[in-house]
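Chemist: So the chains spell out like this:
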Amino acid sequence: MSFDWYPLWNSLRIAAISCVLVFFLGIFFAYYAARLPRAVKGMLDVILTLPMVLPPTVCGYFLLLIFGMKRPLGIFLLKFGIKFVMTWYGGVLAASVVAFPLMYRTARGAFESFDQTLAYSGQTLGLSNTYIFWRIRMPACRQGILAGTVLAFARALGEYGATSMLIGYTPGRTATISTTVYQLWRTNDEKGAMFWVLINLAISTVVLLTVNMLEARQKKAVKA
Amino acid sequence: MSLIVDIHRALGSFRLDVRFEAENGVTCLLGASGCGKSFTLKCIAGIEKPDSGHIELDGTVLYDSERHINLPPQKRQVGYLFQNYALFPNMTVRQNILCGLHREKNRAEKERKLKEMLKLMQLEGLENHKPAQLSGGQQQRVALARIMVNEPRLLMLDEPFSALDAHLRDSLKIELRDMLQRFGHEVLMVTHSREEAYNMSSRIAVMDRGRLLTIKDTKDLFADPGSIPAAVLTGCKNIVPARKVGDREVEVPDWGIRLQTAQEVRDGLAAIGIRAHYFNTQTRQNRFPITYVEEMEEPFELILQFRYAGQTADSPPVWWRLSKEKRPGEFPEALGISPANILLLYE
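Line order of the protein sequences matches chains A and B.
Each residue of the first sequence is one higher than the last, beginning at 1 in the numbering used here.
Each residue of the second sequence is one higher than the last, beginning at 1 in the numbering used here.
One thing to keep in mind: the hints can contain errors.
Below 25 Å or equal to it, Euclidean Cα-Cα: the simulated DSS-like pairs (lysine-lysine) are [claimed, not checked]: (1) B:130 / A:220; (2) B:119 / B:173; (3) B:75 / B:49; (4) B:219 / B:237; (5) B:110 / B:130; (6) B:49 / A:41.
Simulated from the structure, these hints should not be mistaken for laboratory data.
With the hints as constraints, model all of the structure from the sequences given.
Modeler: Here is the structure:
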């Protein structure tokens, strides 16, 4: 029997897709939250950041409350063939929820340090708001947003709590690296567990090196 | 070519009520920081919104609260030079200026206008530099180039020299003044510096705590500020309460003297102002005995402080400023002042 690489593939695809989702959602909320009145902003900020401080199992519990097969939304979605429980794309949902605050907060920090007069001068020159956002604001905040994206990717890749609550562990279907490690350890396959642990270590190291490199470049850019 | 501004806004305890009209030439909004002058520029540019009012440029209504008109900044064709120049840091000089040319669709024409502006602004050879690699003066020229190629109908300058070193300021003032004269449209400039206002503008609007006090030709304003805030802003050092006692005579209780004036005194006089340069050892008119208090030396001038013989103890000493070579050998016993040099300041 050939070696089962499915957990690696599944983890990478879950992390990649949630990373893309969280990238756009995080930027969207970071950008618009900054323009809301203070009271609304404070409330929204708490709600959007909660998944970062809650235990992931609690996030998973809430996800089951909302998308569970006996819950109204779960039943409704099933009519369209969408089922988040015990499916690999349920893993995308779980990972996105947990990784979202990392992107949101980093992007918000980057946007808040953006010099607003740049946007104003773009407007008085007649540049469209879309142009200003993508060609002036985003490049100016590039380093912060990239760092947020990498962090969100790493968090999504390592997600365990919410994932195991929502999609469990089915070899070849919902298994991810982190749930596989636990499963192998539980069934006394210490060597197998060690193998996946090493894979995970390798990926995380690369990710952290990337973050450090980006931060160093940011510091250099600030100095210049 | 005309600009009509009439805006109102309440911000906590601060009230802004500004109303003025400006025509061709350089008009300067002169006021202390926090008086609302930058906010006024931002309202004209459409970056900020007043509570109510009306803004019109060359017959186009930019903002009207009653008719619910509020054009976005993109549609106002108003150039705005920010204090920090607001160059896009991720773009080169070339790309920055091309941002101002985005309406020009013809490629050859775009390139021609770019080249022309680079030459005019003496920026040739710097096309591929990033803003961070430029000096303050070069940054200002890039920012102006970017605005000028955009062909605005009105150019607004927000404290254009505040980000520059003092030694650069004077040479850039001359450069900028010549450029503004070539521009041929209206220019609205904001500054808290009376020298800059005097150097650059043909008309000055004096602002004080959210209100526009007067708008006058520059020379007229310095000759006759008319109000206490305007006298302070034009650099008058000696301002003292006074009351009318005759058609051409005022009494200054704090100094214990009466002064003859050249101008007829109207009712509602609040104070008089005497510029520190205008005291004279020779003048016979308005001559009163004085005593020396102290002095301060400047590079080329001397500030002597004195008190009038009958001056009350709690009123500050009077400033007399003169060039060093004119320093009298002995401190004079009395000083005179020409009646024409007494500024009448009203409520």
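Chemist: Determine for every hint whether it applies to the structure shown.
Modeler: Verification of the hints:
Using a Cα cut-off of 25 Å, the hinted pair residue 130 of chain B and residue 220 of chain A holds, with the two alpha carbons roughly 15 Å apart. For a cut-off of 25 Å, the pair hint linking residue 119 of chain B to residue 173 of chain B stands: about 19 Å separates their Cα positions. A threshold of 25 Å between alpha carbons decides the hint, and for residue 75 of chain B with residue 49 of chain B the separation of about 15 Å falls inside it, so the pair holds. Taken as a hint, the residue 219 of chain B and residue 237 of chain B pair is honoured in the structure, with Cα atoms around 18 Å apart against an allowance of 25 Å.
Taken as a hint, the residue 110 of chain B and residue 130 of chain B pair is honoured in the structure, with Cα atoms around 21 Å apart against an allowance of 25 Å. A distance of roughly 22 Å separates the Cα atoms of residue 49 of chain B and residue 41 of chain A; the hinted pair therefore holds under the 25 Å criterion.
When each numbered hint is compared with the structure, no violation occurs for any of them.
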